[in-house]
Amino acid sequence: MKSRSITIKGHTLPLCARCTGILLGYLFFPFLFFFGLYFPLWLGILLNFPMVLDGWTQKRQFRESNNRLRFITGIVSGLGQSIIIVSFSQLIISFLL
Numbered sequence: 000m001k002s003r004s005i006t007i008k009g010h011t012l013p014l015c016a017r018c019t020g021i022l023l024g025y026l027f028f029p030f031l032f033f034f035g036l037y038f039p040l041w042l043g044i045l046l047n048f049p050m051v052l053d054g055w056t057q058k059r060q061f062r063e064s065n066n067r068l069r070f071i072t073g074i075v076s077g078l079g080q081s082i083i084i085v086s087f088s089q090l091i092i093s094f095l096l
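Each residue of the sequence shown is one higher than the one before, counting from 0 in numbering that gives the first Met the number 0.
No lab work stands behind these hints, which were simulated from the structure alone. Some hints could be false.
Said to hold, decoys possible - Below, in silico cross-link-like pairs of lysine to any residue (SDA-like), each with a Cα-Cα straight-line distance of 25 Å or less:
| no. | residue 1 | residue 2 |
| --- | --- | --- |
| 1 | 1 | 11 |
| 2 | 1 | 58 |
| 3 | 1 | 49 |
| 4 | 8 | 23 |
| 5 | 58 | 15 |
| 6 | 8 | 65 |
| 7 | 58 | 12 |
| 8 | 1 | 52 |
Produce the complete structure using the sequences and hints provided.
What follows is the structure, encoded as structure tokens:
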């Protein structure tokens, strides 16, 4: 939906605000993985809850979300997913070595 996408100088991005935020959150992955920054798995899972809660409350029509909130919860979720991926990657690497 165009109304859920970010528009910059008259150009609408092809992804919704939430998906754009998630992709930007994935940019944390190289820093976490290559610089050995370790965060516990539970934190990665916890960081996904704001996005799930935002999407669920909007779907159930309890309230109307906005692009700023979608974007922010997307970034937080992308960071959380990066933490989950790095945690599992480190677990697999330590198991193989």
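#### Entry: Structure-inconsistent hints, enumerated in ascending order
none
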